[in-house]
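Heads up: the sequence lines are chains Z and L, in that order.
First residue of the first sequence: 2, per our numbering; consecutive thereafter.
First residue of the second sequence: 3, per our numbering; consecutive thereafter.
The hints are simulated quantities; they were obtained by calculation from the structure and are not laboratory data.
Where a beta carbon is used, it is the ideal one built from N, C-alpha and C, also for glycine.
Check each hint, because a few of them may be wrong.
To be verified - Listed next, with one range per pair, are the computed distances between beta-carbon atoms:
{"hint": "1", "chain 1": "L", "residue 1": "K39", "chain 2": "Z", "residue 2": "T277", "range": "35 to 41 Å"}
{"hint": "2", "chain 1": "L", "residue 1": "A88", "chain 2": "Z", "residue 2": "Q306", "range": "37 to 43 Å"}
{"hint": "3", "chain 1": "L", "residue 1": "K39", "chain 2": "Z", "residue 2": "W72", "range": "28 to 34 Å"}
{"hint": "4", "chain 1": "Z", "residue 1": "S165", "chain 2": "L", "residue 2": "S65", "range": "51 to 57 Å"}
What the hints assert, rightly or not - If you want the ones that stay clear, here's a sample from chain L, every Cβ over 12 Å from chain Z, calculated:
{"hint": "5", "residue": "A11"}
{"hint": "6", "residue": "F15"}
{"hint": "7", "residue": "G52"}
{"hint": "8", "residue": "H53"}
{"hint": "9", "residue": "I67"}
{"hint": "10", "residue": "E82"}
{"hint": "11", "residue": "Q87"}
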Amino acid sequence: MSNKKVLVGTRKGLLVLEKKSGDWKIIADHFMGIPVNMVFEDSRSNTWWVALDHGHWGNKMHYSNDQGGNWTEVDAPQYPEGEFMKEDVPASLKYIWAFAHGGKDHPGSLFVGTEPGGLFHRNGDSTFTLNMGLWNQPTRMNNWFGGGRDYPGIHSIVVDPRDSDHIYIGISCAGVFETMDRGETWAIRNKGLRADFLPDPYAEVGHDPHLLVACAAQPDVMWQQNHCGIFRSTDGAQNWTEVSEEEGPAKFGFAIAADADNPQRAWVAPAISDETRVAVEKAVCISRTDDGGKTWQSFRKGLPQSYAYDIVYRHALIADGDDVLFGTTTGNLFASGDGGESWTTVSNFLPMVYGLTYIS
Amino acid sequence: MVTVKFTRALRRFYPDLAPFEMEADTVAQIVQGLEEKYPGLQNYIVDEQGHLRQHVNIFVENSLIKDRETLNDKLDPGNEVYIMQALSGG
Chain Z
2 MSNKKVLVGT
12 RKGLLVLEKK
22 SGDWKIIADH
32 FMGIPVNMVF
42 EDSRSNTWWV
52 ALDHGHWGNK
62 MHYSNDQGGN
72 WTEVDAPQYP
82 EGEFMKEDVP
92 ASLKYIWAFA
102 HGGKDHPGSL
112 FVGTEPGGLF
122 HRNGDSTFTL
132 NMGLWNQPTR
142 MNNWFGGGRD
152 YPGIHSIVVD
162 PRDSDHIYIG
172 ISCAGVFETM
182 DRGETWAIRN
192 KGLRADFLPD
202 PYAEVGHDPH
212 LLVACAAQPD
222 VMWQQNHCGI
232 FRSTDGAQNW
242 TEVSEEEGPA
252 KFGFAIAADA
262 DNPQRAWVAP
272 AISDETRVAV
282 EKAVCISRTD
292 DGGKTWQSFR
302 KGLPQSYAYD
312 IVYRHALIAD
322 GDDVLFGTTT
332 GNLFASGDGG
342 ESWTTVSNFL
352 PMVYGLTYIS
Chain L
3 MVTVKFTRAL
13 RRFYPDLAPF
23 EMEADTVAQI
33 VQGLEEKYPG
43 LQNYIVDEQG
53 HLRQHVNIFV
63 ENSLIKDRET
73 LNDKLDPGNE
83 VYIMQALSGG
């Protein structure tokens, strides 16, 4: 069995990590100096994908079929002429924020989520096309808005492994949407969420799920780290229940990782909300639940516990069995081999970390 | 004929990029011409609506172009056109 590897997207390039003899080491870097805002491996073909956010030249996409030996640029998603991201503002790609493959029964199918709120799809070598079912969703123009970015953005795409026509997306800020027909029609799935920043916290649309994930073995169990707390669903997002800690750090944050096998287990990276955006009490911890969110344990061993300002971005906390990793806005990268209970430092000297993903 | 020149920063992505001459009456025609000569380069300069990217500047001689949306600034024969990155961030 080969060693586990991870791709790390940072503000200054792409890193490749490998776990050797129990320790994670950086073994390669790519795109030096360029912000790599998303990383993804298409597990069907072991193709690596990156989204680059050039400060000057726009958002680009590259892939590699040979473990980073060679990279090929493809045309990034483009919004069609005549489409508007809000009244009188023509739509244009602002940011690439999510990748997902389109199911094992659709080889070559790739979904990409973007700001300002468009879901794009390509098949094989085709160009990306905008999903008009979602783009024309009646609430988009007046009830979706930016959360942390100027325009609404799709940061989560969850394709049901049992049925690839069944897809969820998460949008900041709009909420969760579900399609049963591969994107022809979309339903709003925000029941049970609370948006404290809206005049009506229980509005149908306008919620801010920072990240939406599902348990791979039981996909009806879904989790979201929301701006207003941690929420869980056991019925495929038909209903959401808040599972934040009442007393304790597990409430606000950006990232959440669901255990692939155990629907009761998930990890979050707590932070202080709007006022300061730093680690809770300037001490970094990772919180884990093993009982579906009824209780949380906060683990700190090996993590900085004073004057720590680390925030974990939404795609920067990942879990694979007992191997858990996270990277932070201050360039720290930590790894755990015991389900998050204790941590070792991979590096303290990285650029801001945007996202991580396991690769085959 | 006008002469088109580039910031060196673009040579990271287009190593063969070099100044060249072309017939063009407007800046928009230059961007179209670029695409024929260097496929994909246009997307580095303008967005999908054809608007000049926020942090890209185009100069005609020493003057910034005025029309960043349709790039309709007129050119005179002999003009030098510079495609540059803006100094955003200091």
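Could you tell me which of the hints above the structure violates, numbers in ascending order?
-> The structure conflicts with hints 1, 3, 5, 6, 7, 8, 11, although it agrees with all the remaining ones.
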